[in-house]
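K.L.:
In the order they appear, the protein sequences are chains A and B.
Quick note, the first sequence lines up with residues 1046 to 1298 if you use our numbering.
Quick note, the second sequence lines up with residues 3 to 371 if you use our numbering.
Misleading hints may appear alongside valid ones.
Claimed, not checked - Here are the simulated DSS-like cross-link-like pairs (lysine-lysine), alpha carbons at most 30 Å apart as the crow flies:
{"hint": "1", "chain 1": "A", "residue 1": "Lys1064", "chain 2": "B", "residue 2": "Lys278"}
{"hint": "2", "chain 1": "A", "residue 1": "Lys1243", "chain 2": "B", "residue 2": "Lys204"}
{"hint": "3", "chain 1": "A", "residue 1": "Lys1064", "chain 2": "B", "residue 2": "Lys204"}
Unchecked claim - Which chain A residues face chain B? A few, computed with CB under 10 Å, are given here:
{"hint": "4", "residue": "Gly1096"}
{"hint": "5", "residue": "Tyr1107"}
{"hint": "6", "residue": "Val1115"}
{"hint": "7", "residue": "Ala1118"}
{"hint": "8", "residue": "Gly1120"}
{"hint": "9", "residue": "Leu1129"}
{"hint": "10", "residue": "His1157"}
{"hint": "11", "residue": "Pro1231"}
{"hint": "12", "residue": "Ser1232"}
{"hint": "13", "residue": "Met1269"}
{"hint": "14", "residue": "Thr1270"}
{"hint": "15", "residue": "Pro1271"}
For the record, the hints were derived by calculation from the structure and aren't laboratory data.
Please read all numbers here as calculations on a predicted model, not as lab measurements.
Backbone N, C-alpha and C fix where the C-beta goes; we use that ideal spot for every residue, glycine too.
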Amino acid sequence: MAAEKSPVLFERTSALTDKVTNYCPGCLHGITQRLVAESLDRLGLADTAVGVSPVGCAVIAYEFYSCDMVQAAHGRAPAVATGLKRARPENTIFTYQGDGDLASIGMAETIHAATRGENITVIFINNAIYGMTGGQMAPTTLPGQITQTSPYGRDVKAAGNPIRVCELLSSLDGVALAQRVTVDTPSNVRKAAKAIRKGFEYQREGLGFSIIEVLSSCPTNWGMTPYKALEWLRENMIPYYPPGVYKDVKAGE
Amino acid sequence: MSEKILMKGNEALAEAAIRAGCRHFFGYPITPQSELAAYMAKRLPKMGGTYLQAESEVAAINMVYGASAAGVRVMTSSSSPGVSLKGEGISYMIGADLPGLIVNINRGGPGLGSIQPSQADYWMATRATGHGDGHVFVLAPSTVQEMADLARMAFDLGDRYRMPAMILADGLLGQMMEPVEMPDPINPADLPPKPWATTGTKGEREHNIVNSLSLVSQVLEDMVLERNERYQRIKEVEQIAQLEHTEDAELVVVAYGAASRIARSAVNAAREEGLKVGMIRPITLWPFPTKAIEDVCATAQAFLSVELSTGQMVDDVKLAVSGRRPVSFFGHSGGIVPTPAEVLVAIKKALAGEVFHILPFHSKLEAGD
Ligand SMILES: Cc1ncc(C[n+]2csc(CCOP(=O)(O)OP(=O)(O)O)c2C)c(N)n1
Ligand code: SF4
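Produce the complete structure using the sequences and hints provided.
P.N.:
So this is what it looks like as structure tokens:
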């Protein structure tokens, strides 16, 4: 039998450089980062894309994406993205932010970019902790969750309650898409990929602000093996932060 | 060049920025810069530009950061408390080598202070607009014409050296009306290209990165040192000061912005009395015009810094004089503008050989005069 060239089933996306990432083994940051790159690639948007990296574990994402990249101050990515988009509306602008970045120090920038209907796509990594600084309490840390700065478990009486970002933003008229996904299983990864693509499509159509919240893990600072971390995510995070579509301007179309 | 028109300082600055090719403005309301933002809100949307009222000064300066990264001429304007908030973004702009114009219509401080004219942000502007080793250009207009001319210059210098530029003015200059000749407009499309900007690769080049982070100390030091070399070059070639009656002056008054207008009246009055007094008016506060001061050290016997602060620029005068001559200070703070008569008293004291640092208390003034 003549040797036939087997069809290519899987390729490295050209929207990523071949730089080795700095994420810890088993961390879900890497999967989401890749999904974002694949979406840009599939939609043919990589050449016009400009990404904004946050302050957090994804800070050097500018080395991983092969599109133009801007590094933003802690929490300011939506403001930086606003400047990029207003200056060149023809470009595809996205931010990639952790929960401390987006929902604590950058909450004002997040809410106002959303309510303005800023035509950008926000990828929000919710891992219920501050990863980069070594595991402090985040605005999304669950009640009772132990972190470096909530050593007895998050006491909501003293530390306040967690923020459900998609639910919060879904009330704003400027939001075109607010969807929460997770990437803990292959089928959930496929759903997440679809949501991220949808976010970019909405931007291409000029529909306004899109946010895809990705429930993620931090095995290092949760103090768990990667496998255990996935279990913890399913048992604790998913019930508190149910995946789903919280706002979709095209729903029912 | 066009004919002269009567304009407010804030509006002249805004119009000149538009004529410099700036089509993007991000700000947050604060007195006494309101006319500037209002002018932009009226004009920019009609010419395909952006006027955006941000949620805060923090957001506004970070929008400036983003738009500058995209390669366009962009600006923000504010007043003292708002400029404090911009410190973070300005530091990031310095660290990422991004140009952009920041206007500070300086008001009384600290804290909420007052809305009256002040020069108490001199230190903030020239020493520490934010954290880290770094500088921004600081330009100090003293007329409505200069509000316009220095806006153009701020954009040109910023682009040439890839640095933010600040115009440090005050409510007096912002509100006053004077005839002004507007510079010819530049079409943004005719501005020199910025090959470093994040405009999208279009599949034609490697990706551009706008960034201030460097986790390798040696790389960061190299970046800081490269920037520092640029600063040294700038100090060599970009100092600007106006000299008046300095050739034979025994006493040289140093004053900028609104204070220089009052100081000029006092200097002229002194001249009428036959006193040998001159004035150096720094136009660039960073780089500080040290050369002009060094040059007159040969003939001047003493210096007098006149400011709307408790004495800030006087530090730079002393550094430039470097102990060769005595340097005195006279000023008001809190939004009080000195009268030429008060300055004339200080001039005579300094001519008589006194060395002083005077801040008249209101109560004392009432008792004395
Ligand atoms: C103004 C400012 N404050 C604090 C920090 C320190 N800092 C760096 S990363 C970080 C938290 C990041 O956590 P998160 O946004 O949840 O992202 P993750 O690292 O978990 O991906 C903080 C507080 C900073 N760099 N800048
Ligand atoms: S610290 Fe946590 S979030 Fe950061 S890379 Fe490691 S596992 Fe991921």
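K.L.:
If you check each hint against the structure, which ones fail?
P.N.:
1, 11, 12, 13, 14 and 15
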